[in-house]
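Colleague: What follows is the residue order along each chain.
2 protein chains.
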Amino acid sequence: MKRFLNVGVLGGGSFGTALGTVAARCGHNVNIFSKTEKTVHEINNSHKNTRFFPDDIILPNNLKASSDISEVLSKSDMVIHAIPVQQSYDFIKEHRDKIPSNIPYIIASKGILLKQKKFFSEVWPELLEGRKVSHCILSGPSFAIEIMKKYPTVVSIGCKDEQVAKYVQHNLSFKSFRCYTTDDVLGVEIGGALKNPLAIAAGILEGIGLKYNTVTALVTRGIYEMSLFSGKFGGRSDTLYGLSGIGDVMLTCLGSLSRNKAVGIKLAQGQKLDDIIKTNSEVAEGIPTLLVLGEFIQQYNLNMPIFHTLYRYVKGDITLEEADFIIMSRQLEHEWELKI
Amino acid sequence: MKRFLNVGVLGGGSFGTALGTVAARCGHNVNIFSKTEKTVHEINNSHKNTRFFPDDIILPNNLKASSDISEVLSKSDMVIHAIPVQQSYDFIKEHRDKIPSNIPYIIASKGILLKQKKFFSEVWPELLEGRKVSHCILSGPSFAIEIMKKYPTVVSIGCKDEQVAKYVQHNLSFKSFRCYTTDDVLGVEIGGALKNPLAIAAGILEGIGLKYNTVTALVTRGIYEMSLFSGKFGGRSDTLYGLSGIGDVMLTCLGSLSRNKAVGIKLAQGQKLDDIIKTNSEVAEGIPTLLVLGEFIQQYNLNMPIFHTLYRYVKGDITLEEADFIIMSRQLEHEWELKI
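Line by line, the protein sequences give chains A and B.
Count along the first sequence starting at 1, add 4, and that's the number in my numbering.
Count along the second sequence starting at 1, add 4, and that's the number in my numbering.
Treat the hints with care, since some could be wrong.
Stated by the list, open to error - Once the Cα atoms are required to be at most 27 Å apart in a straight line, the calculated DSS-like pairs of lysine-lysine come out as:
(1) A:K39 with A:K52
(2) A:K164 with B:K343
(3) B:K39 with A:K215
(4) B:K215 with A:K343
(5) B:K122 with A:K215
(6) B:K136 with A:K215
(7) A:K39 with A:K119
(8) A:K179 with B:K136
(9) A:K170 with B:K343
(10) B:K122 with B:K39
(11) A:K52 with A:K42
(12) A:K154 with B:K215
(13) B:K122 with B:K136
In case anyone wonders, no lab produced these hints; they're calculated from the structure.
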């Protein structure tokens, strides 16, 4: 008989609420931590989260919320971490001793940590030093609203420990949500992080009126750069050709619901980056990720023409006219000869 | 100084006309062969091809047309072949002796030859036996109408002979059209061919009301099957992660202009395959390609769940309800463990 778990979800945003709903649909008892009292009250009393979802999206009965992090963590057999990535390092550091031992800690937040200039998978050992907590990365093409509406969704679970990966897979999969496992944690994380800046570039192209031929060329060459980046920094290149790579990239760069693409469209229309960031209620993770990535590119002199161009444009070093996002003016090349 | 070529284009359909226009924009003298007198007359007299393009699309002055295949071939320094793939084998066989020696013959038609059950690259040696004609495959994300409108477009040129590939690359690239080279001819061809059935599957999902999460999951897992297929049958797996793989797949599966996706949408709406084929003015190459691919899958017992499901559904062996295109009901798996 299947044993149902107590699943703690950290973060009552759109993705946290959606993954909590998946866990609840799998039969688990879900408790979402949110520091926003209004969200906690609404989830517990109306089974809704109207800050992020329409009024007709009803949350399962076995999903509740709490603003007490100790209560949520202490009872958890499994944790899903879905708070904004740039707040995550300090958050985990503050609460690390409350995380139960020997449970899977699934990170669903995506991006490079701006202050540490590292991925989660890189800081995890120091962050959880001396604690036995396996971390997994959950990533894949998954708009939160579509998960809520039970549209079939497929994601990757990256975890070094195969048994933990399978445990998470079996406990978070049901008929409209399917998890694949892989041991390339960093590759999965790189895919989830770098797709966001690429979506900004795709949005810029769309914003200046370009169409499918151009956007898909940009995205294809962008994924190639991402796969080389993964191969160079400790992940596998191939992982970028899976769900957390091309799958998520397609969704984010071509799907109409993407926040990061929207940032690109607004940039192309002449809006200032600061104004865009101020007026966005949800965070577009692509910008801080791009800022760190751009520093990597310059520091290690990486041959990543699309991401480098994007970085220079977003930083204001070049104009839109000078930027050549699909690298049409570069020397003609063999398709697979980039060396980063 | 750049030498301008005489470029013969075989086929006055949308893609032939678009590639002829690219060649003309590169400065070459282009002669399009079409057996449709009306098309020939219109191209030569009005610089338009209104069977395939809107009235405001004007063809370059250095592009003309002829219904005399001997005239077109005899003067060509380079040939672009863009006639429907299922007519191509017999066409080349009939006219092979008219093809000048030592020229690049660029095949832009996409699909598996239904009668021979083979790819072009496989039949080329026997088809051109004793003749010195290098064949290239041109493929990549490229809607013809966007090429005509000068939206930047990037494609792969697959050719075993690196010098020929570079020659074609330099003669067909200009500021809004860029060619990359690769020596994996068969891989490029497999990408161009198999993306069409996958687009039918994507259309089916769209037709039954599914959204981005589901379509991108299907496409990601479908590309994985394509890459395994390429690796097994003599191409490289990696090639499917390039322009003629994921690039073209994204365009065809997610772009709104795709004929093959439209076939899938109509199938999902309950239209009969025969009726769809009859009423389509342009050929959806995905259907014959799928029929050959399905036979391969069964003959070699290939583990390609998405393509196999699609084949069985299109053949009428299973209903839409029985088909499970995103394989949600299969056993939970590692992301990279399919073995075909």
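Colleague: Run every hint past the structure and note whether it holds.
Modeller: Hints, verified against the model:
1. For the given pair, K39 of chain A sits about 16 Å from K52 of chain A by alpha-carbon distance, which is consistent with the 27 Å threshold.
2. Taking the CA atoms of K164 of chain A and K343 of chain B, the gap is near 22 Å; set against the 27 Å cutoff, the hint holds.
3. A hinted pair counts as satisfied when its Cα atoms are at most 27 Å apart, and K39 of chain B with K215 of chain A does not qualify at roughly 32 Å.
4. For the given pair, K215 of chain B sits about 36 Å from K343 of chain A by alpha-carbon distance, which is inconsistent with the 27 Å threshold.
5. With a CA separation close to 33 Å, the supplied pair K122 of chain B and K215 of chain A exceeds the 27 Å bound.
6. Taking the CA atoms of K136 of chain B and K215 of chain A, the gap is near 39 Å; set against the 27 Å cutoff, the hint is violated.
7. Using a Cα cut-off of 27 Å, the hinted pair K39 of chain A and K119 of chain A holds, with the two alpha carbons roughly 23 Å apart.
8. For a cut-off of 27 Å, the pair hint linking K179 of chain A to K136 of chain B is broken: about 56 Å separates their Cα positions.
9. As the CA atoms of K170 of chain A and K343 of chain B are separated by approximately 20 Å, the hinted pair is consistent with the 27 Å bound.
10. Our distance criterion of 27 Å between C-alpha atoms is met by K122 of chain B and K39 of chain B, whose separation comes to about 26 Å.
11. With a CA separation close to 11 Å, the supplied pair K52 of chain A and K42 of chain A stays within the 27 Å bound.
12. For the hint pairing K154 of chain A with K215 of chain B, the CA-to-CA distance comes to about 10 Å; that is within 27 Å, so the pair holds.
13. In summary, the hint linking K122 of chain B to K136 of chain B is supported, as the alpha carbons are separated by about 21 Å, within the 27 Å threshold.
In summary, the structure is inconsistent with hints 3, 4, 5, 6, 8 from the numbered list given earlier, while agreeing with the others.
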